[in-house]
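Could you slot chain B onto chain A? The hints should help.
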Amino acid sequence: GENVEQHPSTLSVQEGDSAVIKCTYSDSASNYFPWYKQELGKGPQLIIDIRSNVGEKKDQRIAVTLNKTAKHFSLHITETQPEDSAVYFCAASIISGNTGKLIFGQGTTLQVKP
Amino acid sequence: NAGVTQTPKFQVLKTGQSMTLQCAQDMNHNSMYWYRQDPGMGLRLIYYSASEGTTDKGEVPNGYNVSRLNKREFSLRLESAAPSQTSVYFCASRDFDTQYFGPGTRLTVL
Numbered sequence: 001g002e003n004v005e006q007h008p009s010t011l012s013v014q015e016g017d018s019a020v021i022k023c024t025y026s027d028s029a030s031n032y033f034p035w036y037k038q039e040l041g042k043g044p045q046l047i048i049d050i051r052s053n054v055g056e057k058k059d060q061r062i063a064v065t066l067n068k069t070a071k072h073f074s075l076h077i078t079e080t081q082p083e084d085s086a087v088y089f090c091a092a093s094i095i096s097g098n099t100g101k102l103i104f105g106q107g108t109t110l111q112v113k114p
Numbered sequence: 001n002a003g004v005t006q007t008p009k010f011q012v013l014k015t016g017q018s019m020t021l022q023c024a025q026d027m028n029h030n031s032m033y034w035y036r037q038d039p040g041m042g043l044r045l046i047y048y049s050a051s052e053g054t055t056d057k058g059e060v061p062n063g064y065n066v067s068r069l070n071k072r073e074f075s076l077r078l079e080s081a082a083p084s085q086t087s088v089y090f091c092a093s094r095d096f097d098t099q100y101f102g103p104g105t106r107l108t109v110l
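Those protein sequences? They're chains A and B, same order as listed. Using our numbering, the first residue of the first sequence is number 1, and each one after it goes up by one. Using our numbering, the first residue of the second sequence is number 1, and each one after it goes up by one.
Please note that the accuracy of each hint is not assured.
[What the hints assert, rightly or not] What follows is a list of derived Cβ distance ranges for each label pair:
id	chain 1	residue 1	chain 2	residue 2	range
1	B	106	A	3	22 to 32 Å
2	B	15	A	15	37 to 47 Å
3	B	39	A	17	24 to 34 Å
4	A	1	B	38	10 to 20 Å
Hints listed in this document are in silico derivations from the structure and should not be mistaken for laboratory results. Backbone N, C-alpha and C fix where the C-beta goes; we use that ideal spot for every residue, glycine too.
Chain A with its partners taken away, still in its complex shape (with noise of 0.2 Å):
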């Protein structure tokens, strides 16, 4: 079955600065790769998401890239603020049939200095 790997697990960086938060996946028919965050007490919540005909998508300042030759996607956070401070996962799917089942990495904590 698809397995993920996410790297690193903690994060500590400058207020201003970049993070970049890495995964990798093993089963080469996963076609939607989706990050969520969560914040201290609360579920996770969805922040970007990309599928596989696509390389790279940004939203202001998260970008998620995605290589698929080599089987891994990336979370690019620039010019980072303190509330980006939380647990950040990525995750795996095969979007077939109706199941939707995600499998999830480790999980990253980014703290943010100010």
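Same frame as chain A, now just chain B:
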């Protein structure tokens, strides 16, 4: 529109006790999911329901049962709780590709 709601927020059980975690969504989504979250392991799928009337096992179903009561509600039952089931449990529902998560239930089994 409350989204996905879960009850209770916190629960402490003794080994061998049973309990049911409740989940409801008001977004008219067909698919619903139960995950557990443990430190350093991300979220792992326990069970899911692709549509009302169907349920299927995920990655870690042992020790759990589920019921899709109707389109809105999807419950998770622990018949005989074990310390290994100490975790934070999240319910989610899905619209197209996006899953929407509830606030979670923190369960401790002593």
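| query | Which hints, by number, does the structure contradict? | reply | none
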